[in-house]
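Produce the entire structure from the sequences given, and follow the hints as far as they go.
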Amino acid sequence: MRSKIPCSADKLSLLAPDMIQAVVGPPAFKMGSKYVTENRVRIVEADEVQISSSVIGNSGLHEQTIRLRDGNLMAKCSCPLEEQPLCRHCVAALLEYHRWVQPPPVRRTQEMPVSEPHPTEQKRTVSATDIKFNEIATFIEWLQPAARALERGQALPDAPKLGPGEVMGWIQAVQKLEERRRESEAAQAALGADITAREAQLNRLTQQLQASLQEAREGQSAYQQMQRELANYRDVLTRLSNIVKDLDRHDGQMRSVAGDLLRKGSQLETLAGSFHELSAALQALVKPPSP
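The sequence shown begins at -17 in my numbering and counts up one residue at a time.
Everything labelled a hint here was simulated from the structure, so no lab data went into it.
In the PhoX-like style, the derived pairs of lysine-lysine whose C-alpha atoms are separated by at most 20 angstroms in a straight line are:
#1 Lys58 - Lys(-7)
#2 Lys158 - Lys143
#3 Lys(-14) - Lys58
Derived CB-CB ranges, DEER-like:
#4 Ile177 - Ala213: 44 to 54 angstroms
#5 Thr19 - Ala155: 22 to 32 angstroms
#6 Ser194 - Ala(-2): 46 to 56 angstroms
#7 Thr178 - Glu200: 27 to 37 angstroms
#8 Glu30 - Gly147: 23 to 33 angstroms
#9 Ala(-2) - Gly145: 23 to 33 angstroms
#10 Pro(-1) - Gly135: 24 to 34 angstroms
#11 Pro(-1) - Pro127: 30 to 40 angstroms
#12 Ile122 - Ser166: 24 to 34 angstroms
#13 Ile177 - Gly145: 42 to 52 angstroms
#14 Ser194 - Thr19: 35 to 45 angstroms
#15 Thr120 - Gln170: 27 to 37 angstroms
#16 Gln190 - Glu30: 47 to 57 angstroms
Everything numeric in this text was worked out from a predicted model, so none of it was measured.
Ideal Cβ positions, reconstructed from N, Cα and C, are used throughout, including at glycine.
Below, the structure written as structure tokens:
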């Protein structure tokens, strides 16, 4: 599926969900949101003008490429759907990217009661540089177990309680990385299950194909045997036809001979009658006269 639609935004992060919903069809937006909620979207590579992603849809894994270029949003998906202007998988990729670029929510912790500082401590002043250094040291101390947790696929340790600032942004970046890792593992697990199911389906189809090929070979062998038998039957029929023709020819000859014999028999009967008459006449001639 390919599409190209005008877009006034100069960054993909500016495409908020409500803007996407206003452009695409309700079914595509509903299914795209469902894919995001079920962690079936994986951002492979992305920046503010291009997204490469993959989505585990209902019919398998589909890959998307989305670009912002010359005031147009160009999207390409490997799915066969004809949804316009964007298919559900491209919608899911845009929604996931918008969620991806948002900063994670800051965990609100319960404020601990602060004891009254000692009068001598109230007189102490701490510079902004000292506070920054303390935050960095705290971050480094937290980062070591956090890195080990990331390597082992475990949950991050509790983040230190720091105020807003650059160091807190570093902590949020690590937390975001861990969140993406968990989402990626879930997507990989779903993809692995889908691949396993499809491999099982492929094995079943292969077995069915082999059985069909065997049946086809057996059918071809039976067809060839029937062809040979049919050829034999045709040969027998040809011979029988020749025999019938010979019988017809001999029957005609016999009929002709019988006709000749009948004619000759009639002639012989006539000749015999003539002989009888001649014999009677001769007997009458040689008979002596009465005294």
